[in-house]
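Undergrad: Sequence:
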Amino acid sequence: MNETAQIAAVHADDGHRFSKQSVDFLELVAGHGVAGDAHYGTTVQHRSRVRVDPTQPNLRQVHLIHQELFEELAPKGFAVAPGALGENVTTVGLELLALPRGTRLHLGETAVVEVTGLRNPCSQIDDYQRGLLKELVGYDDAGTLVRRAGIMGVVHRGGTVHPGDRIAVELPEEPHEALERV
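Numbers in this note's numbering are just positions in the sequence shown, counted from 1, shifted up by 2.
Take the hints with a grain of salt, since some may be wrong.
[As the list claims (entries may be wrong)] Below are the EDC-like pairs computed for lysine to aspartate or glutamate, each with C-alpha atoms no more than 20 Å apart in a straight line: (1) Lys78 / Asp142; (2) Lys136 / Glu182; (3) Lys136 / Glu74; (4) Lys78 / Glu137; (5) Lys136 / Glu70; (6) Lys78 / Asp129; (7) Lys136 / Glu73; (8) Lys78 / Asp128.
Derived from the structure by calculation, the hints contain no laboratory data.
Make the full structure from the sequences, and use the hints.
TA: Quick look at the structure:
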């Protein structure tokens, strides 16, 4: 567990827009997600998934991205601010992409988000900044597809979270399952 992991910023938007507005706090509701956010609900809220099957469970209630990603992108000419890629929670000091499926992230005093998988970024990212999608989705030296646009989770236990709140990591029992896209 990383003792320095914390929430850098929080974001929400009641519409299906690409970026989310920074807010002072988020209210996480168990089984539903971020109160007041367009992706709030027990069933899928992402428009493309609703068209396929609106009864699917919502495994994308909370989107988290690590602030270190923005710092890696800056020298390549990309200026990405927290919330710009549509995340609800921007973290710092935590290797989100290395977490196994089922990890529980304790955010602040009471909230718990269970990690369900990787965000699968779409071409809208290139509308935001041309060439950014190629930086967020690519292949490693072994030819394996790598997604770097954050992780998704469901709210296991509700609560209010603020920038500066600590994040505690609770790993699932082994064997650990690598994250796949959700």
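Undergrad: Now tell me, hint by hint, if it's right for this structure.
TA: Results for each hint:
For the suggested pair lysine 78 and aspartate 142, the alpha carbons sit about 18 Å apart, so the restraint of at most 20 Å is met. Note on lysine 136 and glutamate 182: the hinted pairing holds, with a Cα-Cα distance of about 18 Å set against a maximum of 20 Å. Taking the CA atoms of lysine 136 and glutamate 74, the gap is about 14 Å. The hint holds against a cut of 20 Å. Restraint check: the Cα-Cα separation between lysine 78 and glutamate 137 comes to about 9 Å, which is no more than 20 Å; the hinted pair holds.
Straight-line distance between C-alpha atoms of lysine 136 and glutamate 70 comes to about 17 Å, which keeps the hinted pair within the 20 Å bound. Taken as a hint, the lysine 78 and aspartate 129 pair is honoured in the structure, with Cα atoms around 17 Å apart against an allowance of 20 Å. At most 20 Å may separate the alpha-carbon atoms for a hinted pair to count; lysine 136 and glutamate 73 meet this at roughly 16 Å. At roughly 15 Å between alpha-carbon atoms, lysine 78 and aspartate 128 fall within 20 Å of each other, so this suggested pair holds.
Checked against the numbered hints above, the structure violates none of them.
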